[in-house]
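K.L.:
Letter by letter, the chains look like this.
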Amino acid sequence: MQAFLDIFDIYLLEAVINGILLGGVLALLALGLNLIFGVIDVTWICYAELVMIGMYAMYFLVQYYGISYFIAAPLTILLVAILGALLHYLVIAPLLTAPPINQLLATGGVLFVLQSFATVAFGIDFRNLGIRLPVLAFGDMNFSYARLLSFLAALVGMVAVYLFMTRTFTGTAIRAISQDRQIMALMGVDTKRIYLITSAIGGGLAGLAACLLVLQYDVHPFVGLSFGPITFLICVLGGLGNFIGGFIAAFVFAEIISLGGLFSDLEWGYVLAFAFFIVMMFIRPAGLLARRR
Amino acid sequence: MLELRGVNAGYGTFQALFDLNLDVKAGEAVGVIGPNGAGKTTLMRVISGLIRPSRGSIAMEGADVVATPAHKIVSLGIAHVPENRRLFPQLTVDDNLKMGAFMKEARGHYAERQEVVFDLFPRLKERRHQMAGTMSGGEQQMCAIGRALMSNPKLLLLDEPSAGLAPVVVQQVFELMKRIRARGLTVLIVEQNVQQVLRVVDRAYLIEAGTIRASGTSAEMLASDTVKEAYLGV
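Residue numbers (full-length UniProt numbering), protein chains in the order written: chain A, 1 to 293; chain B, 1 to 234.
Among the hints, erroneous ones may be present.
Which stretches of chain B does chain A cover? Using the computed rule of at least three CB atoms under 8 Å from a CB of chain A, they are [said to hold, decoys possible]: (1) 14-28; (2) 83-89; (3) 179-192.
The calculated lysine to any residue pairs, modelled on SDA-like cross-linking and capped at a C-alpha distance of 25 Å, are [as the list claims (entries may be wrong)]: (4) B:Lys154 <-> A:Gln182; (5) A:Lys192 <-> B:Leu76; (6) B:Lys104 <-> A:Leu196; (7) A:Lys192 <-> B:Ala230; (8) B:Lys72 <-> A:Ala93; (9) B:Lys104 <-> A:Tyr89; (10) B:Lys104 <-> A:Leu225; (11) A:Lys192 <-> B:Gly216.
From the structure, some residues in chain B lie toward chain A, with a derived Cβ separation under 10 Å [to be verified]: (12) His80; (13) Asn96; (14) Gly100; (15) Phe102; (16) Met135; (17) Glu139; (18) Ala148.
Simulated from the structure, these hints should not be mistaken for lab results.
The C-beta atom is built at its ideal place from N, Cα and C for all residues, glycine as well.
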């Protein structure tokens with residue numbers, strides 16, 4: 001019995017730590033989506049598909065052109081940032097005053113366009129970087145080096161966004177704009193420009209997530225489905241547009257997935273997480289922390 | 001400094017201003033009085049570009065305000081303290097002031113402008129890390145005026161600065177008006193509080209139903225029968 005408990009504790013600790021590592025990347029994804037929703041008041045249904053495009057960019061840059069991972073990563077972030085700005089300019093900006101359902105349908109349309117584009121252009125093969133990072137062992141616990149790296153990079157990305165949002169004039173304007181859109185012109189702020197910058201940052205975060213996820217997952221045209229829905233659930237659970245709520249919800253979800261997976265396999269972790277979400281929607285429909293107004 | 005000629009403006013199909021002419025000279029304080037719904041706030045909004053005129057011209061020191069994009073008008077030297085203050089309630093006082101200095105020309109002078117504002121409103125310095133929405137009405141009004149001053153404007157537009165404030169705080173706001181004027185700012189102020197505003201301005205316009213009904217120096221306006229009957233309750 002005692003021996004069983006010892007092993008259980010080690011596995012439990014390993015699962016908790018793996019949950020935290022997973023939570024970092026989920027929090028990064030949630031931050032990008034929340035940023036767009038909080039500032040521009042639209043939901044990018046196609047957010048995970050931007051990540052998918054970014055993963056393909058990484059694959060081609062690294063595998064096809066033989067560029068080093070650390071040079072390919074900033075290029076990918078830049079590319080997806082431009083893609084985010086384009087998405088805003090071409091799809092969202094003309095629909096800014098349209099009913100929310102139209103905006104949802106439009107970004108939903110972009111989701112299918114990107115999936116189909118990837119299918120036609122890249123085929124449905126599963127591709128990977130061919131980089132196999134070692135597994136780190138601490139005593140009896142094993143951690144994936146890729147996860148650890150992703151967690152740290154996600155953390156750095158989030159801190160960078162935090163500093164930008166709090167220290168710069170543009171970042172302050174991004175926070176102000178969601179509180180009072182009409183008077184931004186009195187501050188000398190061009191709201192269109194702020195929306196474009198915000199969209200580029202949202203895209204850039206998707207690009208960073210792509211660089212990290214491609215270390216752990218194969219890329220294929222439908223890879224967005226494996227983390228798109230969960231990102232939305234996290235954002236809704238945290239309260240759409242609430243950055244801190246999204247951050248907390250990401251770790252709550254990651255722990256449920258990781259710890260749930262401990263009792264049987266990982267898929268059950270997801271089932272538990274979704275069940276938890278449904279229950280929470282009855283208890284706290286506005287999110288863990290209701291959106292700050 | 002500011003010249004409005006034949007300005008029509010409104011919201012959609014509703015016209016609020018009709019063929020309006022108005023002048024503000026450098027160094028003056030000019031009041032705009034009139035009943036609710038007369039178009040006073042619309043007048044302020046059309047000057048700062050929050051709404052655009054359907055006809056007429058607006059010039060600020062010779063520059064065409066109508067042709068200037070709304071977010072560039074503050075760079076012409078016009079700062080607007082809107083009705084109901086319109087602070088960013090979930091930003092700190094510091095961040096609200098920072099927004100006032102957003103335009104490129106003002107960013108370089110951020111620190112010195114902040115000194116000027118804190119000098120004028122020591123209370124804001126005490127509250128600089130507090131969320132603007134949690135302050136009292138009077139403090140919020142100070143913050144709103146401070147935010148406008150961050151852009152180092154030549155012309156300050158004040159829309160109902162005394163609205164919703166306790167009588168003793170209203171007194172402070174009008175006291176403040178004098179101190180702002182002493183710094184050489186030109187002021188255009190909209191007020192319900194006719195008696196008090198006529199004590200701090202040089203001239204005033206009386207607006208009714210979107211047109212200028214009367215204008216003159218403060219003394220003339222105080223003596224005018226139209227103003228007396230309608231607004232001074234004598």
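K.L.:
If a hint holds in the structure, say so; if it does not, say that too.
P.N.:
Going through the hints against the structure:
Here's how the stretch 14-28 of chain B fares: 0 of its residues keep a CB closer than 8 Å to some CB of chain A, so the rule of at least three is not met and the hint is violated. Coverage of a stretch by a chain is defined here by at least three residues with a beta carbon nearer than 8 Å to that chain's beta carbons; for the stretch 83-89 of chain B and chain A the count is 3, and the condition holds. Evaluation of the coverage hint for the stretch 179-192 of chain B: breached, as 0 residues show C-beta separations to chain A shorter than 8 Å, against a requirement of three. Taking the CA atoms of Lys154 (chain B) and Gln182 (chain A), the gap is about 23 Å. The hint holds against a cut of 25 Å.
The straight-line distance between the Cα atoms of Lys192 (chain A) and Leu76 (chain B) is roughly 20 Å, inside the 25 Å bound, and the hint therefore holds. Distance check on the hinted pair: Lys104 (chain B) and Leu196 (chain A) sit about 18 Å apart at the alpha-carbon level, within 25 Å; holds. Proposed proximity of Lys192 (chain A) and Ala230 (chain B) is contradicted: the alpha carbons are some 44 Å apart, above 25 Å. Annotation: proposed proximity of Lys72 (chain B) to Ala93 (chain A) holds, straight-line Cα distance about 21 Å (limit 25 Å).
A threshold of 25 Å between alpha carbons decides the hint, and for Lys104 (chain B) with Tyr89 (chain A) the separation of about 24 Å falls inside it, so the pair holds. For the hint linking Lys104 (chain B) to Leu225 (chain A), the alpha-carbon distance of about 43 Å lies beyond 25 Å, and the restraint is violated. This hinted pair does not check out: Lys192 (chain A) and Gly216 (chain B) have alpha carbons roughly 42 Å apart, beyond 25 Å. For His80 (chain B), the suggested interface contact is upheld, since its CB lies about 5 Å from the closest CB of chain A, less than 10 Å.
At a threshold of 10 Å, the smallest CB-CB gap from Asn96 (chain B) to chain A is about 8 Å, leaving the interface hint in force. With 10 Å as the threshold, the beta carbon of Gly100 (chain B) comes within range of chain A, its nearest partner Cβ sitting at about 6 Å, so the hint holds. Hint status for Phe102 (chain B): holds, given a least beta-carbon distance of 5 Å to chain A, under 10 Å. Hint status for Met135 (chain B) relative to chain A: violated, with the closest Cβ pair at about 15 Å, above 10 Å.
Taken as an interface hint, Glu139 (chain B) does not check out: its beta carbon lies about 18 Å from the nearest beta carbon of chain A, beyond 10 Å. About 8 Å separates the beta-carbon of Ala148 (chain B) from the nearest beta-carbon of chain A, less than 10 Å, and the hint is met.
Against the hints set out earlier in the document, violations occur for numbers 1, 3, 7, 10, 11, 16, 17.
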